[in-house]
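These protein sequences, in sequence, are chains A and B.
Per this note's numbering, the very first residue in the first sequence carries number 62; after that it's consecutive.
Per this note's numbering, the very first residue in the second sequence carries number 2; after that it's consecutive.
Just so you know, these hints were derived from the structure itself, not from any lab.
All residues carry an ideal CB built from backbone N, CA and C; glycine is no exception.
Be careful, since some hints might not be right.
Partial chain B-side listing against chain A, Cβ under 10 Å, derived [as the list claims (entries may be wrong)]:
1. TRP55
2. ASN116
3. THR175
Below, computed lysine-lysine pairings styled on DSSO-like, alpha-carbon distance capped at 27 Å [what the hints assert, rightly or not]:
4. B:LYS114 - B:LYS82
5. A:LYS182 - A:LYS195
6. A:LYS152 - A:LYS142
7. A:LYS99 - B:LYS82
8. B:LYS114 - A:LYS84
9. A:LYS98 - B:LYS82
10. A:LYS100 - A:LYS84
11. A:LYS152 - A:LYS167
12. A:LYS100 - B:LYS114
13. B:LYS114 - A:LYS99
14. A:LYS120 - A:LYS130
15. A:LYS84 - B:LYS192
16. B:LYS227 - B:LYS192
17. B:LYS210 - B:LYS227
18. A:LYS100 - B:LYS82
19. B:LYS81 - A:LYS100
20. B:LYS82 - A:LYS84
21. A:LYS84 - A:LYS98
22. A:LYS142 - A:LYS130
23. A:LYS98 - B:LYS114
24. B:LYS114 - B:LYS227
25. B:LYS81 - A:LYS99
26. B:LYS81 - A:LYS98
27. B:LYS81 - A:LYS84
28. B:LYS194 - B:LYS227
Computed far set for chain A versus chain B, every beta-carbon distance over 12 Å [unchecked claim]:
29. LEU105
30. ALA107
31. ARG112
32. GLU114
33. LYS120
34. GLU128
35. GLN132
36. GLU150
37. VAL157
38. GLY159
39. ALA189
40. ASP211
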Amino acid sequence: MNINATLIGQMIAFAVFVAFCMKYVWPPIMQALEERKKKIADGLAAAERGRHEQELAEKRAQQVIHEAKDQANDIISQAQKRGNEIVDESKDNARVEGERILNSAKAEIDQEANRARDELKTQVGGIALAGAGKILGREIDEKAHTDLLDELVSRI
Amino acid sequence: MASETITTSEYIKHHLQNLTFGQKQTEIEPGVWAPSGELGFATSAQEASQMGFWSINVDTMFMSILLGALMMWFFRSAAKKASAGIPTGMQNFAEMVIDFIDDTVRGSFSGGKNNLIAPLALTIFVWIFLMNLMDLIPVDLIPMAVAQGAAVAFGADPHHVFFKIVPSTDPNATLGMALFVFVLMLYYSMKIKGPGGFAGELAFQPFGKWALPINLVLETVTLLAKPFSLGLRLFGNMYAGEMVFILIATMYGAGLVLGSFAGLLQVGWAIFHILIITLQAFIFMVLTTVYLDMAHQEHH
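Using the sequences and the hints given, assemble the complete structure.
And the structure:
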């Protein structure tokens, strides 16, 4: 345990190691650590921003869904209204058409009835004439009695 | 014990002697010594002390430079790989150490921006930790290997080859580091306060300018006490720790019962010593930071 030149040697070695550390070890590692710190901070900020944006998007989505529901309700109620209208219209149409058909049918029936009556009159006149002819024989001239017969027929 | 032929006292002395290289002395007449002009390793404690100041403890220098180089290699390779990406393995460890040092320095150094303090603190902490860590290697392992190796390679007498593997048990190493810190303290005191300001600080505190001589004595003692306490605290702790290891090791030769008891003691002391070696490295680092911080402070 003597104090000797090792003291100076140790001082020099220490100084050299400190200088080396100061120049080649500390700066690059600290720089890397700072960069990483910054990167992590940026990442956290980005995550925060992302979460915020997600919240906004969710709100917007809710709004869109709400609007869509409103619109759908509107459309449904409109459609129901329109349906009712159509049904009413159809009913009216049907009634009018029914009446028209009925009227035309009645008119036709009347027409038919008149025609049938006319025909019947003619036939009855014929039959009466024939009957009278048979009863009276040849005494009745067809031509001479046509007026009489027609009168008869019209009276039936 | 290393051998049957040496006593416990010799064994302990052998373990406490550094491998000193310097100029050998010869006794020209009884009690009077003169340099013999021959360079070589001291083969005894007496020879080592006769070599005077201009000799060097080769084991201390070799171990400390080896450990320092190991540390620099490790951190340099970490620095090369350093990136803002995800760190892995040893990279992670290096960054953890550096982050710890950075936090500690930020906590105790307030002298503004200084690019030296943090790397200095890192070097001190890791280097001293590694040097102290050598204490946990079994006391006989490397000294005996070196002694036998020297005997085989150079034909040296193994009993006169010394090798202390813990540089921080050599006061030269710890005081050398403390002196470097002292130089830095003086440099920054001069730089920040100017030579006049620094001299004023020594002369006009703490009792004002009318008690200048007393101030000068007090402040000079305070100033000088810093590096000495710094160096001697580390030396004292490590020296005492190593001494306990050596004393435990002497018990191994004393039979099976005492030997196994010594084994238990050694494990216990080693576990406790892990705390001490880390704590001493940390204390040296923090005190250096604080001293340099004080050198940066302007007193009014």
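Quick rundown of the hints versus the structure:
Using the Cβ-Cβ criterion of 10 Å, the hint placing TRP55 (chain B) at the interface with chain A is satisfied: the shortest such distance is roughly 6 Å. Hint status for ASN116 (chain B) relative to chain A: holds, with the closest Cβ pair at about 7 Å, below 10 Å. The beta carbon of THR175 (chain B) comes within 8 Å of a beta carbon in chain A, closer than 10 Å, and the hint placing it at the interface holds. Distance restraint check for LYS114 (chain B) and LYS82 (chain B): the Cα-Cα separation of roughly 26 Å lies within the 27 Å cut-off, and the hinted pair is therefore satisfied.
Restraint check for LYS182 (chain A) and LYS195 (chain A): satisfied, since their Cα atoms lie roughly 19 Å apart, inside the 27 Å limit. Under the criterion of a C-alpha separation no larger than 27 Å, the hint pairing LYS152 (chain A) with LYS142 (chain A) is consistent with the structure, at around 15 Å. Taking the CA atoms of LYS99 (chain A) and LYS82 (chain B), the gap is near 18 Å; set against the 27 Å cutoff, the hint holds. Under the criterion of a C-alpha separation no larger than 27 Å, the hint pairing LYS114 (chain B) with LYS84 (chain A) is consistent with the structure, at around 16 Å.
Only pairs whose Cα atoms come within 27 Å are accepted, and LYS98 (chain A) paired with LYS82 (chain B) is accepted, the gap being roughly 17 Å. The hinted pair formed by LYS100 (chain A) and LYS84 (chain A) meets the criterion: a straight-line CA distance of about 25 Å does not exceed 27 Å. Restraint check: the Cα-Cα separation between LYS152 (chain A) and LYS167 (chain A) comes to about 22 Å, which is no more than 27 Å; the hinted pair holds. Using a Cα cut-off of 27 Å, the hinted pair LYS100 (chain A) and LYS114 (chain B) holds, with the two alpha carbons roughly 24 Å apart.
The hinted pair formed by LYS114 (chain B) and LYS99 (chain A) meets the criterion: a straight-line CA distance of about 21 Å does not exceed 27 Å. This hinted pair checks out: LYS120 (chain A) and LYS130 (chain A) have alpha carbons roughly 15 Å apart, not beyond 27 Å. For the proposed pair LYS84 (chain A) and LYS192 (chain B), the alpha carbon gap of about 21 Å is at most 27 Å, so the pair holds. Of the pairs offered as hints, the one joining LYS227 (chain B) and LYS192 (chain B) holds, with about 19 Å between alpha carbons and a cut-off of 27 Å not exceeded.
A hinted pair counts as satisfied when its Cα atoms are at most 27 Å apart, and LYS210 (chain B) with LYS227 (chain B) qualifies at roughly 24 Å. Restraint check for LYS100 (chain A) and LYS82 (chain B): the C-alpha separation of about 17 Å stays at or below 27 Å, so the hint holds. At roughly 19 Å between alpha-carbon atoms, LYS81 (chain B) and LYS100 (chain A) fall within 27 Å of each other, so this suggested pair holds. Proposed proximity of LYS82 (chain B) and LYS84 (chain A) is supported: the alpha carbons are some 16 Å apart, at most 27 Å.
Between LYS84 (chain A) and LYS98 (chain A) the CA atoms are separated by roughly 22 Å; this keeps the pair inside 27 Å, and the hint holds. For the proposed pair LYS142 (chain A) and LYS130 (chain A), the alpha carbon gap of about 18 Å is at most 27 Å, so the pair holds. Of the supplied pair hints, the one linking LYS98 (chain A) and LYS114 (chain B) holds, its CA atoms being roughly 20 Å apart against a limit of 27 Å. Of the pairs offered as hints, the one joining LYS114 (chain B) and LYS227 (chain B) holds, with about 23 Å between alpha carbons and a cut-off of 27 Å not exceeded.
With a C-alpha separation of about 20 Å, the suggested pairing of LYS81 (chain B) with LYS99 (chain A) holds against the 27 Å cut-off. Annotation: proposed proximity of LYS81 (chain B) to LYS98 (chain A) holds, straight-line Cα distance about 18 Å (limit 27 Å). Restraint check: the Cα-Cα separation between LYS81 (chain B) and LYS84 (chain A) comes to about 12 Å, which is no more than 27 Å; the hinted pair holds. At roughly 19 Å between alpha-carbon atoms, LYS194 (chain B) and LYS227 (chain B) fall within 27 Å of each other, so this suggested pair holds.
Listed as outside the interface, LEU105 (chain A) is consistent with that label: its C-beta sits roughly 15 Å from the nearest C-beta of chain B, beyond the 12 Å cut-off. The claim that ALA107 (chain A) is not at the interface with chain B holds, since no C-beta of that chain comes within 12 Å of its own (minimum 15 Å). No beta-carbon of chain B comes within 12 Å of the beta-carbon of ARG112 (chain A); the shortest separation is about 23 Å. With 12 Å as the threshold on Cβ separation, the claim that GLU114 (chain A) sits away from chain B holds: the shortest Cβ distance comes to roughly 26 Å.
Its beta-carbon lying about 36 Å from the closest one in chain B, LYS120 (chain A) satisfies the requirement of being farther than 12 Å from that chain. GLU128 (chain A), annotated as away from the interface, keeps every beta carbon of chain B farther than 12 Å; the closest lies near 46 Å. The non-interface label for GLN132 (chain A) is consistent with chain B: the shortest C-beta to C-beta separation is roughly 51 Å, beyond 12 Å. The claim that GLU150 (chain A) is not at the interface with chain B holds, since no C-beta of that chain comes within 12 Å of its own (minimum 76 Å).
For VAL157 (chain A), the condition that its CB be more than 12 Å from all CB atoms of chain B holds, with the nearest at approximately 86 Å. The non-interface label for GLY159 (chain A) is consistent with chain B: the shortest C-beta to C-beta separation is roughly 88 Å, beyond 12 Å. Residue placement check: ALA189 (chain A) keeps its beta carbon more than 12 Å from all beta carbons of chain B (closest about 129 Å). Look at ASP211 (chain A): its CB is around 128 Å from the nearest CB on chain B, clear of 12 Å, so calling it non-interface holds up.
Checked against the numbered hints given earlier, this structure breaks none of them.
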